[in-house]
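From just these sequences and the hints, can you work out the full model?
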Amino acid sequence: MSEGHAATMAAPTWRGGGSPVAVGHKKLGMWLFIVSDSLTFSALLLTYSYVRVANDWPTPFHFFPSIVFSTIMTLVLLTSSLTMVYAVSAAHHGARRKAAKWIWATAFFGTAFVVLHGYEWMHLMVDEGMYPWANEYGTPLFGGTFFLITGLHMFHVITGVAYLGIVALGYRRGKWLPEDVEVAGLYWHFVDLVWMFVFPLIYLLSTSVD
Amino acid sequence: MTEVQPSKEVAEYTEVHRHPEPKSFLWKYIFSVDHKVIGIQYLLLAVVAVFVGMALSLLVRLRLVCPECSYPLLGQFFPVGAPEGVMTPEFYLAMLTMHGTVMVFMVLTTAPQGGFGNYFLPIQIGAADMAFPRLNMLSFWTTFVSFLLLMAAFVVEGGAPMSGWTGYPPLSALPEATLPGIGQDLWLASIAVFCIASLLGALNFIVTTLDLRAKGLTMMRMPLTCWTWFVTAILGLLAFGVLLAAGVLLLMDRNVGTSFFVPAGLVVSDKVIDHSGGSPILWQHLFWFFGHPEVYIAILPGMGVTSHVLSTFARKTVFGYRAMVYAIAAIGGLGFVVWGHHMFVSGMSPYSAFVFSVLTMCIGVPSAIKTFNWIGTMWGGKIRFTSPMLYSIGFVSLFVSGGLSGIFLGQPTVDLYFHDTYFVVAHFHLIMGVAAIFGMFAGLTFWFPKMFGKMMNEPLSKIHFWITFVGVYAIFGPMHYLGMLPHPRRYAEITSVDYLGATGAAELHMFITVAAVLTVLAQFIFLYNFVKSIFAGKECREENPWEATTLEWTIPSPPPHDNFAGKVPHVYRGAYDFALRGAKRDFAMQCNDDKAVYGEPAPQASGD
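Chains as they are written, first to last, in numbering that gives the first Met the number 0: chain A, 0 to 209; chain B, 0 to 607.
Worth flagging that the hints you see were computed from the coordinates, not collected in a lab. Everything numeric in this text was worked out from a predicted model, so none of it was measured. The reader is advised that the hints may include incorrect statements.
Unchecked claim - Only pairs whose alpha carbons sit at most 25 Å apart, straight line, appear in this in silico SDA-like list of lysine to any residue: (1) Lys25/A <-> Thr141/B; (2) Lys270/B <-> Trp132/A; (3) Lys174/A <-> Gly164/A; (4) Lys26/A <-> Arg133/B; (5) Lys26/A <-> Lys214/B; (6) Lys174/A <-> Leu134/B; (7) Lys174/A <-> Trp26/B; (8) Lys270/B <-> Asp184/B; (9) Lys25/A <-> Tyr186/A; (10) Lys7/B <-> Cys539/B; (11) Lys174/A <-> Val32/B; (12) Lys100/A <-> Trp132/A.
Claimed, not checked - Computed far set for chain A versus chain B, every beta-carbon distance over 12 Å: (13) Thr78; (14) Lys97; (15) Ala104; (16) Leu115; (17) Leu168; (18) Leu192; (19) Met195; (20) Phe198.
Yeah, the Cβ is synthetic: ideal placement off N, Cα and C, and Gly gets one too.
Here it is as structure tokens:
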């Protein structure tokens, strides 16, 4: 069922649609969601740039521990994208068990990212006294933008982990199609890609160079 | 539902999978996944909202002409906002804010797209439903939650917010600057939820249009209504995400103590505000990046309906179909690069203002193309003056009147004078409010027989049209003059201002208020006609009472659960084949092949 059905999924249902958008509903829908979600993130990153330029922006992060720690988080998230690629590949070969295994691996790395990130938040709040409304480094908006943007990203990761769990179970049981795994992969890679903007903008640019 | 007989009009069908019809009331009418039921749910929500919005506008008008008048009933409902029935200035601003918000979000955004689009997009493209039916249901109920949140702002302590439908900070960002209460928070939550609902809806519309068209229905054969719903959905997809971000930022400013939109050193009630680093201009950028496309979200579907109705009742093909499509796309595209023209008075650099101004003028080109093409469509046609036709002609009139004042306001130097005056009120009400509403009237009267299998009462519709058409000009025409005085907008108290008295502004305000009351009363004619016709209208079981060409007129009225009863028609021609030479009838439906139109042998292939 999986392979044959997966092939027909690519054709638009009533043959009125044509290239270049001849993709299944769910995949097209996910791409559109990504477009709109990236605009939400863009608005927040523009806000960040706007207030950063308008204020005397502090650069409180040091290479150790902040940058080392966030680099580890970045590597964990990047690894999860790699395991997702394997999951999609396995799904397209019809290997349900293997695909589910890779999806769980992705969810594991996603969870690890959330745990590490949560630990870092705790460290910043408890040890450094940095909150969304105040911090000891300088303009209060430093904390505001940091927690808002990383928080929204973290919300996406948590949602993504839940989504991956549903897909893993559903696909393993034969309820879902390989394309559903691919669609979940699209979302996951997008969340990963957002981090690739957040990491340099929020972390690297806020590091003291000395 | 009994098995539906296939329409005789259709030359060929494709068989598709048929969905079972839900039986229980809950799943059939409340949590329905049927796009037709959801469309009607959106329409009903908009009808409720539009009467709320109208009531608010009446309060605004009453307060303007008589600030000290007492309305005891009002005092009973709003003991704080209207003690002993006399509206406070704060109450006036709250009514103004809620009028704008309810009308823009809950009426102009929901009815044309969520209502008519939901009902007729799938049918017009030959689909059984939207691409994501469950998501569609979720969109509606999320919108409903948003509406409830907005209404809740009326009843909480402190009452509804008073920072305008644009929610400009610092007034909206500082709880200490207004009456204490969570009205503004509820407003923001409502907008954020509305954004999510609209994003889901927009996504659904785009996928449906791209993926579910019947065989032969190329993009360039789609009815212009579908084009406008499609482009509107793209605007929604790109615009609402930004408003969502802005709303979250403002909510944080109010509740978490951040200062994204609040600059340092503000003094409110003789106290320095403990905020620093933000900028209210940032909110304006984010808001209007959404806000200007929102204007086109409101008006584009009306343009589509107008093109559709004018062609049908002038018995002529749409003049310049391709130009119309390109104009719709151009208006949509330009809509994203002109938001700065709402901010000319914000202290913007004249160079930026110049760029925004030129881009704004550019929108005049596709708008003019559309207007001339509407006139070209009617030119030399055998016009049937049905009520939908009248409303559509009214749309063209209002679009031109409202558009012309837009050319004034698009010039930074002129806008500096006009911006905070009634001239702007006149402009945006004519073009975005009333024109879009006339598009809805046209759509409702045009599709009513298809939706309910009954006809609306034509004489009543026509009476309603004339009173409303004259009424809205009587309301908004004089406001242009008020703006030139210049009479400031948003002011709660105008009667005691001397220079306004000398120029006749007070009398004009009275005239406008009387016109507004009469026009609002006329809307009850329409409501009566609408409700009465649903239950006791003249039966119309005909498939195609208007002799129209598009696919919705090939199926029974009202349509069965899955529209085409498990079949999808093939499409052979463009959407507006009227006034055909040598044909059996003066029109050809999209699903008629040449044999059905001309009989054997086909004299010529029909272009699209």
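Evaluated hints:
| no. | hint | verdict |
| --- | --- | --- |
| 1 | Lys25/A <-> Thr141/B | holds, 21 Å |
| 2 | Lys270/B <-> Trp132/A | holds, 19 Å |
| 3 | Lys174/A <-> Gly164/A | holds, 13 Å |
| 4 | Lys26/A <-> Arg133/B | holds, 16 Å |
| 5 | Lys26/A <-> Lys214/B | holds, 21 Å |
| 6 | Lys174/A <-> Leu134/B | holds, 19 Å |
| 7 | Lys174/A <-> Trp26/B | holds, 24 Å |
| 8 | Lys270/B <-> Asp184/B | holds, 23 Å |
| 9 | Lys25/A <-> Tyr186/A | holds, 11 Å |
| 10 | Lys7/B <-> Cys539/B | holds, 18 Å |
| 11 | Lys174/A <-> Val32/B | holds, 21 Å |
| 12 | Lys100/A <-> Trp132/A | violated, 42 Å |
| 13 | Thr78 | holds, 29 Å |
| 14 | Lys97 | holds, 29 Å |
| 15 | Ala104 | holds, 29 Å |
| 16 | Leu115 | holds, 24 Å |
| 17 | Leu168 | holds, 19 Å |
| 18 | Leu192 | holds, 16 Å |
| 19 | Met195 | holds, 19 Å |
| 20 | Phe198 | holds, 19 Å |
Comparing the model with each numbered hint stated earlier shows that hint 12 is the single one that does not hold.
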